[in-house]
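Chains as they are written, first to last, in this note's numbering: chain A, 806 to 886; chain B, 806 to 886; chain C, 100 to 274; chain D, 100 to 274; chain E, 108 to 475; chain F, 108 to 475; chain G, 10 to 331; chain H, 10 to 331.
Heads up, some of the hints might be wrong.
Unchecked claim - Lysine-lysine pairs mimicking DSSO-like chemistry, simulated, CA-CA at most 30 Å apart:
#1 K225/G with K190/G
#2 K822/A with K184/D
#3 K314/G with K313/H
#4 K282/H with K34/H
#5 K34/H with K274/G
#6 K274/H with K190/G
#7 K303/H with K313/H
Treat the hints as calculated values from the structure; they're not laboratory data.
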Amino acid sequence: MSAKLAISRPAEGAAGKSGTWRTFRPVIDEEKCNKCGLCRLYCPDAAISVDLEIDLDYCKGCGICAEECPKKAIAMVREED
Amino acid sequence: MSAKLAISRPAEGAAGKSGTWRTFRPVIDEEKCNKCGLCRLYCPDAAISVDLEIDLDYCKGCGICAEECPKKAIAMVREED
Amino acid sequence: MFEIRLHSRGGQGGVTAAKLIAYAAFLDGKYATATPLYGAERRGAPVVSFIRIDDRPIRVYSQIRNPDLVIVLDESIMELVDVLKGLKPDGEVFVNSQKGTCVEGHRTYPVDLTSISLSLDLVLAGNPILNTPLIGAIAKLGVISQESAKQVIAETFRDERNVEAALRAYEELKI
Amino acid sequence: MFEIRLHSRGGQGGVTAAKLIAYAAFLDGKYATATPLYGAERRGAPVVSFIRIDDRPIRVYSQIRNPDLVIVLDESIMELVDVLKGLKPDGEVFVNSQKGTCVEGHRTYPVDLTSISLSLDLVLAGNPILNTPLIGAIAKLGVISQESAKQVIAETFRDERNVEAALRAYEELKI
Amino acid sequence: MLTFGTGNKAVAMAVRDAKPVVVAAYPITPQTEIVEELANYVTDGSLDARYIPVESEHSSMAACIGAAATGVRTFTATSSHGLVYMCEMLHMSAGARLPIVMANANRSIGPGWNIGAEHTDSISMRDTGWLQVYVSSVQEAYDVTLMAFRIAEHTDVLLPVMINLDGFLLTHITQTFETVEPDDFIPPIATPHAIDINNPGGYGTLTPGDTHFKFRRDIERGMQASIPVIEETEADFARRFGREYHLYDEYRMEDADVVIIAMGTFGKEMEVAVDILREEGIRAGAIRMRWFRPFITPDLDGKDVVVIDRDYSFGFGGVVANELQAKCGCKPFSVIAGLGGQEVTYDDIAEFVRIQRPGTEHWFGVDD
Amino acid sequence: MLTFGTGNKAVAMAVRDAKPVVVAAYPITPQTEIVEELANYVTDGSLDARYIPVESEHSSMAACIGAAATGVRTFTATSSHGLVYMCEMLHMSAGARLPIVMANANRSIGPGWNIGAEHTDSISMRDTGWLQVYVSSVQEAYDVTLMAFRIAEHTDVLLPVMINLDGFLLTHITQTFETVEPDDFIPPIATPHAIDINNPGGYGTLTPGDTHFKFRRDIERGMQASIPVIEETEADFARRFGREYHLYDEYRMEDADVVIIAMGTFGKEMEVAVDILREEGIRAGAIRMRWFRPFITPDLDGKDVVVIDRDYSFGFGGVVANELQAKCGCKPFSVIAGLGGQEVTYDDIAEFVRIQRPGTEHWFGVDD
Amino acid sequence: MHGMRSILPAGPNQYFIIIHVKYPKERLDTMAIPDEEFLLKTTSACAGCPSSLILRYVTKAAGTDTVLVIPACCTSVIQGVYPTTAMNLPVYNVAFASAAAVASGMSEAFRAEGKKTNVICYAGDGGTIDIGIQALSGALERGTDFLYICYDNEAYSNTGMQRSGATPLGAMTTTTPGGKKDHKKDLDAIVAAHNPVYQATACAAYPQDLYNKVEKALTIPGPKFMHVLAPCPPGWRFPSEKTVEMGKLAVKAGLWVLYERENGKLTITGASKAAMKKRIPVEDYLSVQGRFRKITAEQTAEIKKTVEENIARLQREVDGIC
Amino acid sequence: MHGMRSILPAGPNQYFIIIHVKYPKERLDTMAIPDEEFLLKTTSACAGCPSSLILRYVTKAAGTDTVLVIPACCTSVIQGVYPTTAMNLPVYNVAFASAAAVASGMSEAFRAEGKKTNVICYAGDGGTIDIGIQALSGALERGTDFLYICYDNEAYSNTGMQRSGATPLGAMTTTTPGGKKDHKKDLDAIVAAHNPVYQATACAAYPQDLYNKVEKALTIPGPKFMHVLAPCPPGWRFPSEKTVEMGKLAVKAGLWVLYERENGKLTITGASKAAMKKRIPVEDYLSVQGRFRKITAEQTAEIKKTVEENIARLQREVDGIC
Ligand SMILES: Cc1ncc(C[n+]2csc(CCOP(=O)(O)OP(=O)(O)O)c2C)c(N)n1
Ligand SMILES: Cc1ncc(C[n+]2csc(CCOP(=O)(O)OP(=O)(O)O)c2C)c(N)n1
Ligand code: SF4
Ligand code: SF4
Ligand code: SF4
Ligand code: SF4
Ligand code: SF4
Ligand code: SF4
Ligand SMILES: [Mg+2]
Ligand SMILES: [Mg+2]
């Protein structure tokens, strides 16, 4: 019996590699970072892991993390490639 | 050009002679009546005229006038015919 | 097929009466249908119900145009509606009447159901109950059996006085 | 009929760019249509637009399967989408590219529209405006006339720098 | 059990016997008795279901959708304005392949307000992906309601079913009918795509054109698959409970020269007309269309055809007549009659046959 | 004035030029540009109308009904779910004989969500008493929107008109088109049954069956009367503004053996297919159905017929194919294509003709 | 007219005729209400119908330059059957869910044409609180110039007394045969959240109060709302002569508070002034209605609590604390 | 994880590994929020999308035994395209007007089967306050056991930023190109009139507060409601990095007050505690958004007045005066 209704199944990358959307890329300055986790807290796309690593395959470059970082530890850098 | 939509025109008796619905008929005792007009005020069917005459062609016999008459001047009498 | 047209007013129980008569016929082993003809009026407006009784399944849903029997539950309707319309030449008429109203050209059975009910204090929401005496009367006419009439009343109404009302009507109707 | 397929990302202005190119062709006295192919995605997702230019009325609404020219407004799309799909054997490619990307087997015109815009500070809601330099470049390709390109930009954008951007792109594109 | 009641009551009793888990209810004349009866059953415990008193018909169908999505049996009832008010949700429920069962009391649509029998309400919903069956007696209302659950829930079908009863004419007539103990006649519901917490999925997410097209194709497959399922269900019903139903009903068709075709209560009353015509020497027969979706094509080879539509598609014609014409290639005499509860008797029906002019349309009582 | 814009914009500009008094607006893709443009016109003063930002489509049509009932010109636009959500009010507006004009961007209905072009939305509303016209170019969208007001408001007609544009394919394509100064091309609206404070009446009160039936008959009379009105309006339009329209569009039909029939943008694209087939030696022609309500029956005598339906009535078939079959007695090759915006090109259309099997149904890209 | 006459000369062949009538205060109080009736004898409503009674005064206050917009409800039906109607005003009958939206269109059209015609929606509780709330909420938000009147008989009466959102806790209806388990929806608070220019409650038992409020409301441009209690004999199961009495009991028990809110200022009106201070027991109201036959002690207590909270809240608003 | 490790013997061949991490207070505060993500990387939402951000915490709080019911809105679209979805929870996508009614059916079905599954409607402001209000009001009245969350981006964003009932006064949208002339509908007051068992506001800028409220709401049976402010970069016309900032400004200016109401008791939460006393100027919020470019001085004053009234009203309720 074929599928009766469009049921989509969960998968990473369901909306494509949204990292390619970026014009600017967030770069964490480990020196300045105090691991407060606010960048992770506020990332709408959960692109920052528990270990505070940014998944650049998916980070859309919105800049919220940089904006909200209390230590100004994140810089938004123009994508070059 | 024929009528395009059911438009009903105002007419007395649009719902038939509702006086025939009555089981009991209101009868005003002119002696007791003080012309306060409350019977007319409360009649849902406007069956009591400005002159406080009851239009028995249309009075449905609900009994509100009798119930609300402060002078108990209205009696509800069984219809005989 | 025996066809009955029943005239009443909204709120008088005519629709239920028609169902009960048909139900009694069903208990007699007949096929029977009861159909109300509603307008959208509130209580008080004339209402018609149709009852068909037959030995074979009934395939007709439309209104009865030529009844064998006309039942009038409220005499005053006769001023508004031509209750005799289409009545078969040998058709009969039953009227709930205080004053023994008779109809010309047709055998008429007047019974004062209202008084029977009021005398037994069979009143619901201000209106006298007319169903149960009616069923008694109709049983007398032979349209339904006495047993079925009794059973219908017993199944439908708890109050014993309904049986009494039916009996009184049965007796009052003169054949 | 000259058929162009334009690849961009939601929010980059590709849909408007397609309209402007078609409009310029219209000003040139041609028949032209521009059709966007929307998904329901938000900004960022790949978007395709189609432009048709002809001397006769255009009766075709379906997608362009075999374009004469492919325009890529965002190089990174080339990783996701086969932008060359169906491109005519002698079809050409225009790419907005910083690094002068070239495509094998097809004549490619790379121009760095993004830098032109950023250098002129032509930025809208955080995104560099790519339409106007693109129109300049396309005029150089001869798809539309220079006059029409100018008029389109003048009618649509108040900011003078847009004309400048178009001119720079016109110049940067090497035939 | 032999019993006596209205068409509405028969539907309610069948629903009670089919044991749905969720009933969503909204009143509208002439259907209201159904949802009132079900409220009684739930209150007196004879039906162990959740009764959701919704605030509109859009919401009654929405509530059925929500419940059916979890994989339980659901029921609702409506009529006329209620049906067209929930139109969006009819599309949604069929598209979501949810085997909801609904009774519709056929009634005309305003303005002006009119509560008489008319099929335009359900007929105008014939593209939604709902199966539609039209019944013609209280007994059939009961039986078909029971069968509807089995048909809807069959995994080859998985489409909602609408049972149509002529307003007042059938909803309010009291007749004898027999109820049954369905036991395993309706197997437990097992919706394959019921929501599963352990296998999360996005139901009805954005679907690209090509894929959407395939799902639409699949709805039509469900429709076509329903035909054998209906036949098998009707056969099993006859085996178990002794009452026979077919895709359509034939009456005195063996040697008929002219056939009257209609749905609903006309479909019974026209049998009387056939008898009358036969006595006059006219070899008449009758076909009562029962399933309108899926459309069942009767064999009308070479017969004169008189179709009575209690519906109308403005700017086109009577829908039953025209769809028959499309599928059978016949040239019926198309009679439009009974809209808004206009009174039509078997005598009138017999007269339609006498005056028939193939290929023309006739509005009863208005056109001459 | 020669201008350049989308199908949506053309509709909005035509509405502006027709000067309605009330516009009720609710957004839905792919129609939204229309109501956005109209908001701009009202804000910048180029349209002197009341713009009612309603909270749903049921209410947008309700607001049009309320306004039109007072005798003023009204407009709204919608699509897909919006159209079926207002279904009840479509019945109401036509039943009330109100000459409302509405644009519908044809789009498929969920689930799943899909915003591609499909005619099932409007096709499934074909029984409501609305005139339906399907356009195929930005110019036609503009012209027909203007004409729609004149046709709807004509006292012989007094029925609402729905202008259908293929979602995205036409709503979002940018093309050249010419606007006109309508002047007295659209006479002032004069609804004979507009509410009159000095002649009070109860509109749409309870109506007995027999009377209701007569009013339904009269809606159909309005439908039939619309045919000459459409022809006369199109002729006058051609006279004044030079662009010709007909009840249906013919392309290379003179000596055609096989005719392709479709509505909307397919109806233009198939001309290319005809050219291709002619080059192959197949004598093909094309008919683009423009008015679907009233249904216009083309002359198809003896030709092979290939009908492309961008719609489907589940359990029945492609609606255009089947209605043509009902009215013309032809046996078309019924192609179902383009639902949900499925991509179909002129090459595909040409192929439908090459593979045609009269009397059968074919789902493009799914069935083999 | 009854009373003594005196004739005074007023000029050549002209006289004043003065009729001396002695009326009790009750009559004088209501003298300002026009005699003209817009409900012709009679609607097909049940004997003792509150909707007919309310409409008499709504239409008297509104006058001839008025259109009534009526969704499906008892009142759409009791007008009579085509070709005649009992209502001597233009009445537009519309779909159940659509009244306020139709009114929006109508009002805008009239205003665009420079007409001041009153647009009044007259709708039941079901058509307002349940299926009609989307349209009502939208029309209030966008500032439609109209008056919306909800006559509240606390059930779907037209279809035979089914539960509505306005049915009170514990009341039996045909779809809540065991009594309703949910509370009555607080329509007034919902509407207040939209901040209409004028909002009031009224009751069929107080025609003068009702008349005054309609009259005042129609002088104010913008969205106005009134909620009128409509004790319905067959729905609530009491004899037809008790319609007015039932309304009075509701007010006296504080179950229904008469007030108006204008420019954010709340004023308690009429009989409710006394009821704010002293109320008759809620049971006096519940026990005389058949629909409350199955109400439980807890439900009665709940209702009492709601009454007291509501009164306290309104009092605070009157006192300017809220 | 970063930090020093120490290893302690715990038995034969068994060790405890202790990781010494020093986290600032902010991090510790949010430690209770589970790490598990139910929004897989990533939705197709715009960069900086508040709905995605809100949903992250809604789903974390709800956990796996949850069904989301989503009407037409940005969120029905951003899940991704068949056959895959970014949401690792069952999501039922439904018609625009139908979310709460679908939830009623779903919740009753789950409960009938003895399941505790959370049923959460997640809907936009349009789907809640305009076309969806009938269904919402009905579900609240009949006591459906569910949580309704309205994320409020103050426009129909999915269709490209048209006016909704939630659009504030003065804001430009594509259908109010001159700025909206009507006030924002007071959804919270409308819902409060239904007296749900739990009602709260939250804001995309305060995920912890949001998380806590969802978590608490789901422990209570009956109808729960949350209204979450969702600053939308393209809709409100601000750069994508300002989503959180914009939410903070709204709260600090008192335009958005964080609170919860349980058993009739109102509690101000989080950042709003301070804002109840001292607020930044409303202009600080308005001036950074493109949509308010055309707002007039009168409109700004109106908004200020509304803010002050609202704060005062809430304060009274906190103080137990209301
Ligand atoms: C869409 C739709 N659903 C249902 C109905 C049936 N209906 C007509 S009136 C009514 C009840 C009206 O209740 P209310 O608004 O309280 O007015 P009342 O009858 O009590 O005066 C119902 C359910 C309808 N006409 N339209
Ligand atoms: C009946 C119906 N009307 C209109 C639409 C089109 N539509 C889809 S989403 C949407 C706007 C949703 O706005 P909101 O609820 O605020 O959510 P947002 O998009 O802002 O997240 C509209 C108008 C629809 N899908 N269905
Ligand atoms: S917000 Fe800044 S300081 Fe805090 S963890 Fe992220 S990068 Fe480090
Ligand atoms: S730029 Fe935006 S998407 Fe990327 S990591 Fe930072 S917050 Fe997340
Ligand atoms: S209410 Fe009684 S006292 Fe008053 S006028 Fe009427 S009859 Fe007379
Ligand atoms: S009995 Fe009723 S209808 Fe008759 S006059 Fe008295 S109040 Fe009016
Ligand atoms: S049911 Fe009630 S509201 Fe309706 S007509 Fe009768 S008394 Fe009036
Ligand atoms: S428009 Fe706003 S709410 Fe919608 S996806 Fe984009 S950022 Fe999110
Ligand atoms: Mg009511
Ligand atoms: Mg929104």
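- Message: Does K274/G sit within 30 Å of K34/H, going by the straight-line distance between their CA atoms?
- Response: With a Cα-Cα distance of about 48 Å, the restraint between K34/H and K274/G is violated, given a limit of 30 Å.
- Message: For a C-alpha distance cap of 30 Å, please report whether K822/A and K184/D respect it.
- Response: Answer holds: K822/A to K184/D is near 21 Å, not above 30 Å.
- Item | Hint consistency between K274/H and K190/G [alpha-carbon to alpha-carbon, up to 30 Å] | Holds, at about 23 Å.
- Below or equal to 30 Å on CA atoms is what counts here, so check K282/H against K34/H. holds (20 Å)
- Task: For the pair supplied as a hint, K314/G and K313/H, confirm whether the alpha-carbon distance does not exceed 30 Å.
- Result: violated (36 Å)
- Query: Given the proposed pairing of K303/H with K313/H, does the C-alpha separation stay at or below 30 Å?
  - Reply: Holds. K303/H to K313/H sits at ~16 Å (cutoff 30 Å).
- Query: Has the given pair, K225/G with K190/G, been kept, meaning a C-alpha gap of at most 30 Å?
  - Reply: With a Cα-Cα distance of about 38 Å, the restraint between K225/G and K190/G is violated, given a limit of 30 Å.
Violated hints for the displayed structure, listed by number in ascending order: 1, 3, 5.
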